[in-house]
Amino acid sequence: MRHISVTCEQREAMLRAVGCESVEELFADIPRDARFDRELAIEGGLAEMELVAHVRGLAGANTPAGGMVSFAGAGCYDHYVPAIVDHVLRKPEFFTAYTPYQPEVSQGTLQAMYEYQSMMALLTGMDVSNASLYDGATALVEAAMMAVRITRRRQVVCAGTVHPEWQSTLLTYAAAGNFDVAFVPSRGGAVAFDSEDVTSVLREGATAALLVSSPNVLGNVEDVQRAASLAHETGALLVVAANPLLLAVMASPGDQGADIVVGEGQPLGNAMSFGGPGFGFFACREEYLRHVPGRLVGRTVDMDGNPAFVLTLSTREQHIRREKATSNICSNQALCALAAAVYLSAVGRDGLAATARACIAKAHYLREALLATGRFRAPWDSAFAHEFGLIYDGDVTAMRDALFAQGFLAGVPLSMLGPLDRTGIDPGVADSIVLFAVTEKRSRAEIDEFAARVAAL
Amino acid sequence: MRHISVTCEQREAMLRAVGCESVEELFADIPRDARFDRELAIEGGLAEMELVAHVRGLAGANTPAGGMVSFAGAGCYDHYVPAIVDHVLRKPEFFTAYTPYQPEVSQGTLQAMYEYQSMMALLTGMDVSNASLYDGATALVEAAMMAVRITRRRQVVCAGTVHPEWQSTLLTYAAAGNFDVAFVPSRGGAVAFDSEDVTSVLREGATAALLVSSPNVLGNVEDVQRAASLAHETGALLVVAANPLLLAVMASPGDQGADIVVGEGQPLGNAMSFGGPGFGFFACREEYLRHVPGRLVGRTVDMDGNPAFVLTLSTREQHIRREKATSNICSNQALCALAAAVYLSAVGRDGLAATARACIAKAHYLREALLATGRFRAPWDSAFAHEFGLIYDGDVTAMRDALFAQGFLAGVPLSMLGPLDRTGIDPGVADSIVLFAVTEKRSRAEIDEFAARVAAL
Amino acid sequence: MTGQPRHAERGVRRGPRELIFEMGSPESRCVEPPALDVPEVDLAEALGGAVREEPVALPRVTEVQIARHYAHLASMNFGVDSGSYPLGSCTMKYNPRVNEDAARLEGFAGLHPYQPLESVQGALEMMAGLAEALAEVSGLPGVTLQPAAGAHGELTALMCIRAYHAERGAVRSRVLIPDTAHGTNPATVAMCGYDVTTVRSDAAGGVDVVALREALDADVAAVMLTNPNTLGLFDENILEVTRLVHAAGALAYCDGANLNAVMGISRPGGIGFDALHINLHKTFSTPHGGGGPGAGPVCVSAELAPYLPGPIPVRVPDGTFRFENPARSIGRVRSFYGNVGVLVRAYAYVRALGGAGLREVSEQAVLSANYLKERLRTHYDLPYDKTCMHEFVLSGSRQKREYGVRTLDIAKRLLDFGFHPPTVYFPLIVEEALMIEPTETESLAELDRFVDAMVAIAEEAAAEPEVPKGAPYTTPVRRLDEAGAARNPDLRYRPEV
Amino acid sequence: MTGQPRHAERGVRRGPRELIFEMGSPESRCVEPPALDVPEVDLAEALGGAVREEPVALPRVTEVQIARHYAHLASMNFGVDSGSYPLGSCTMKYNPRVNEDAARLEGFAGLHPYQPLESVQGALEMMAGLAEALAEVSGLPGVTLQPAAGAHGELTALMCIRAYHAERGAVRSRVLIPDTAHGTNPATVAMCGYDVTTVRSDAAGGVDVVALREALDADVAAVMLTNPNTLGLFDENILEVTRLVHAAGALAYCDGANLNAVMGISRPGGIGFDALHINLHKTFSTPHGGGGPGAGPVCVSAELAPYLPGPIPVRVPDGTFRFENPARSIGRVRSFYGNVGVLVRAYAYVRALGGAGLREVSEQAVLSANYLKERLRTHYDLPYDKTCMHEFVLSGSRQKREYGVRTLDIAKRLLDFGFHPPTVYFPLIVEEALMIEPTETESLAELDRFVDAMVAIAEEAAAEPEVPKGAPYTTPVRRLDEAGAARNPDLRYRPEV
Ligand SMILES: Cc1ncc(COP(=O)(O)O)c(C=O)c1O
Ligand SMILES: Cc1ncc(COP(=O)(O)O)c(C=O)c1O
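Protein sequences, first through last, are from chains A, B, C and D. Residues in the first sequence are numbered from 1 upward in steps of one, following the numbering used here. Residues in the second sequence are numbered from 1001 upward in steps of one, following the numbering used here. Residues in the third sequence are numbered from 2001 upward in steps of one, following the numbering used here. Residues in the fourth sequence are numbered from 3001 upward in steps of one, following the numbering used here.
Hints may contain errors.
Only some residues are given here: those of chain D computed to face chain C with a beta carbon under 8 angstroms [said to hold, decoys possible]:
{"#": "1", "residue": "3040"}
{"#": "2", "residue": "3044"}
{"#": "3", "residue": "3068"}
{"#": "4", "residue": "3071"}
Source of the hints: derived by calculation from the structure; they are not laboratory data. This one's a predicted model, so the numbers in the text were calculated from it and none came from an experiment. Quick reminder that beta carbons are idealized off the backbone N, C-alpha and C, glycines included.
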């Protein structure tokens, strides 16, 4: 059998060694009624060559955005991934290893994660970062729950401009009863922090955290600084969800007063892969260190005094603390975080900033070009980075399909993201809004061509 | 600059350290008239992202046979390459290493090459194999020249059914004056060894080697045993060019009396890659060991008595023996030979034979199917393995183009291979012959469909 | 290393070297974006003032420096490709390379989650096909592929159970778990707002039915069991256990981490479980990646299916595929659809093996574990002496008692012999536990070599206990100051300003 | 390794382990072809009786065994990714990964050499583009991409020269080469049916013009020079040399192995050379692959271009591409069109750097070599004390004379310090030669580390000569019994019958 290294003959010898006549006997402890009495009805047994043809066939039945002129974002971005990234990820010593529980033979993963943590701390302006969580949505939830634990308060207030899927995730977790969620609607594409919207829900002594995403799901920049003072005034923590790539040029949430910074790490060197795997990043201020969910790698020395890295502060974690753990997370998204670390080294200090600047400049260029076609209107006039929403005066689906057939992925209709009732956007308008994201991969020529095709619709 | 790790500032410091004011000074020893006085007019400076788009564009401007239903062979075959092969080849410790001149840090390459040599010796039925030559054509030439050195005779006799490109290569080398070539035409698709054709050119005391390819370029099996006795009767060596994959089921040339066995190794785990890189294999009887061209890896021990591998018998080679070397070859095709070793391990003893059997059975099936269309005629009735020639009664190019547009690569017109005058095939017929090769990748359904399309032409 | 002069190691660089931050220099570059071809924007203006003043102190290195850095790091790591990895409960089987290639196909890796449905039919077919296979293996018809790992799957399933009870107006506050449970189980219970009640195991290593009966009441929402359990034993009373659970109005949850033992042999759905998570990064051969990403699909009964998180890829009668949200869905547990790249690998594995192949996997996994158990039983204590499933638990208590050699020492010494150690000190109910899971992909020769190493270490423990106590000796670093790491956490590089 | 008990290494498996033949067992399988879907054929009948009786005794192993085997083998290898590789004359620069990806694109890797021309236009464009770039770098307009390596290129060029003379009715039988020439040069001369005449070098390391003049006569077909030469020096008399060669009716051939020093700075075609081979696996960053494949394109003058082997990819005025055979072509020197996969990598490198980038490469390569030379000059003898090009040659004769430490010992000791040694004992005219070529891709920090190691070894040689003499100590194997290997050649595994 493929992947089974023991042969029939050896199998007989092994059976003899364990005192069994047949493989069946090995399962004698399984009650008869607990046995499965037929063969599993699962197609398979493909030779590798057939398997390759089969999966290529399935892959070929898709039209990947990665090969198109794509303006789709909304939480998943089509950035260029340098060649070196995948070459590192293909090293079996990295991808076939388990969690580095045996540090003596895991210094590779451990040092890489320490470096990853360092990079994320720098980007977010936080003191410490963990070694990754599942994705941006669950990272936001973990931040909320951490704030609940720290403040011993039950309420979290979430900006309605957080990605609707993340909102949904937050609500799913909240339904387990450990915390409540209140939402703040947006006005003009962002939360109006000084308005009643916020002050009416943020409650002194009751609110554990204020959750804000900046840029928000509409691509717009939120007033994080103002959010921080509001949150802190009520004794709540400020949790900011950020785009890690844009952090190269955007004010660090740490500088703006955030206590916890989370987000989806996919833009850093990870393929879009239909939305996963990417990874959630999670960084916070030092004082909350012992409340952090997930794994942390620390630098120490070995018995010979040589520098070495190790998983640390694991008394926070489920395998030690069990029901008192800071989270139930065990496996995380280590290899995706490794991709991010390689990516950040490859583009480097200057390259990341240049990439962010390019995305932003091109997004602004596209927005002007689309407005100039007369087919789109601006729903608001808000500061934005590399993504923005416009109102399409017509059938959004028809427009998108027509352009798709021409090789263009014309952004993401806001309505695809889930229920929009908490965003505060007028429902009549919301369904006509299309989000456009632009990465460094898009050339001016492509943008011009796209605008021309839109104009010609 | 990309790939230059030294920075401008460091460059200044380095210049100071070498006592130069400018980089220009480093080139002061170059006479003014020997300097190039303008910038190289070579387009470039592409960012990696642009480069990827550019090369993808070029690759996309091709329609690779590998993605079609291809029946093209004629020296380059579309076999399935198991996934593990490329994963091994991507290990930088293998592909970024130089020739293993420092055995203490090259045991990986060396052991792999020793294993490769062992596999090739087993396949060919020879005592020893070298660590690869450039390709099948040059391996044949090296064999001829080795025979010339061993026998101290000048003439080599080559079957006209050897691949015309190899014939051409042989003649190019012969033009340098170290040996002469005579050709033997074929009758009915193969050499008639008992005929005048052969006996009239093979000269006792003058012929150094008889070169035979089996299967020959027409896919047909030659009577190697008979060739061996004829060659040996005149004191010549028999050189057989073989297809290494088919050797899993074909009588080993060693058993049939060959003295040297060569061939193109591409079928073993190497991509077609427009014809290169593949590799030439070269194996021979032990008695000729010290005449072998190219590198040889041997097993020995280190000073602690541990087993170890090393390049050996290098007194044969150019870097030691200079103009007296057995060949001028230095770099060979090591990584392609490594691919072959991984391939042979992956398919294994039984898999290689099963693959060869599948190719042969499918080729025989295709031939029947094509003959049944009535569009093709058999030019001969000769034993063949996985490739065969048929006469097309019509415009070969038009037929091929029509089928290409339908996703089928309808074999290779014999005339594409080069001049056919030495094959002995009636020139009127030769131009209408199409060679069809079938590998294990082709399913019965594909073959049936192809035959149907042919019939419908 | 005989005859090696004192200075042989001078100059040799072992173990961790520089951090990537400590390499390179201000101008080093690896890749940069192309020159900007649109007008620059004023960032402060564009971003409403929220701009960064100082550049982020990321590394500045060239590609050769990156390549060498990670080559060196990789050389300090041990993966399945480095040697046997009998890490109990983790199913460290070989990760077939063709699956790696499959996941990297542009047709999967290049998909955006919000592409038009017509342009992702192949991806949905793959996902639906995988879900169908998992439903067949588990005997549970409802499947979500969303959870990113086992613990995430546990939580998802428990949330569905919570919603199920809530809809039936039942206020249940406790979840029972056995004392052999993995740490994620109680942690998940707490995260789902339930209280944990621990049920002890009986002498045979299964759930103590008497204790279970006592603990079960109308306040119990669910019982979480791992079956085969973390002792590597199939609970002989499992049918009685699930019957009791249901009789109390509770639901039975199966932690499927140990599914590798029973594929095609016993189905969780067939023995009374209502929900199960599967670790694709264990049973279905997707690589662990040094900690992740994995995937923890959840399979549930028809009763629980309406609560699953959406969207769920479904096969439409016309042969196409679409996403559907279950009627009474708990909502999302993450963004998008799951760790799709991981799902592709698992799908390829399923199609390579098929139903018959999956059963063979389990048979061999169980046989190999029993083989090791039999060969090691006289050298170490075997607390539960019966036929095991895909793993078994030894105890190092004899070595500790008689020679002061702890299980930790045995584990570290195994590193010198070129093996990854088993899981140690788990499950908690076995003193000095060594939990050994060979998996079906190890050859007999490797199994024998592992036995030889374990026997050699047992002998060393008796003859020269200081040798295992000081191990490892041959690894890139030796035992670490873990206490110091926790006392003075150094969790990041801080650039000089 | 301090405090390591005597038995620490017990059980540890270092160095070569089993051969792949010695693993596995009769039934082990990695990949097999699908079940046969056409009628079986009787092989004996189909093949006219030429069938094999016994199966070929190839390995029978599973994929995990293959993966681990080659992981272990790789761990015993040193490549550019492992550390500095200052192997003179070999230009061991970094191999950019994007080039690896480019060569693997199905649109290149999946091409059959006999596809219709219209279906390979992208490949021909790539090849023509590379040829144009090489023509520009060399200043020689005719290019063939066919040769598989440098030596093959030498032979190809010499054959063209032979044909050139032959067509002019000139019977010339000798080729002159300097005493610094690489071994492939004389070997090529012999293979091309010429006799070798060696010309000595002058005190400055260049060709001795007097000796050259003496050796040049109407019997000389060509002079083969490496420029910059293998001492790393640009021949100051080069214009005079090529003038003399031409005056004698001979042609001047340049071994382009050292082109990395002069791209954009001096063109062989501009200083009188008629032909040149280029090692793409040196100057153009394609990986050496542990010995190959490389590619050795040949660039020639307009006079020699008609003799080049065909087919040659050419750009047709209508913007398409086709193959052409030069008018008086010597014929083929191999099958098909060359090592196309290697050409793709070189092409990508050219487009990444462009003309300006290539010049920067050469500038830095030369600066780095001079930097090392200056820093090492007091520690080792420097036989040719002048500005070097991309490499320079030290001599270990002082160490040999004074401490009995040979260049070989220095080289082996460098292995312990984590460096690949320089080329040693070449060129032949320098006693105890150490030929050092850092390449432009090494960082200043690495260069300094190399200096530190070389200085430390020079100090060791003086203080503790037995240390370098016994080196290496830390490699997978230590010095080998090479004499034994040649005396009793064991060149293959022989299966037991
Ligand atoms: C029994 C058991 N349950 C659950 C888990 C958690 O799985 P994951 O790490 O995928 O979250 C594990 C992982 O080790 C386990 O062994
Ligand atoms: C100066 C010189 N010429 C020729 C060659 C031969 O090149 P190849 O190994 O590509 O045949 C080399 C290779 O080392 C060399 O250094």
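Comparing the hints with the structure gives:
1. 3040: This interface hint is violated because 24 angstroms lies over the 8 angstroms limit.
2. 3044: Nearest chain C Cβ about 34 angstroms off; hint violated.
3. 3068: holds, 6 angstroms
4. 3071: Residue 3071 of chain D check passes; min Cβ-Cβ to chain C is 4 angstroms, inside 8 angstroms.
Hints 1, 2, counting from the list given before, are not met by this structure.
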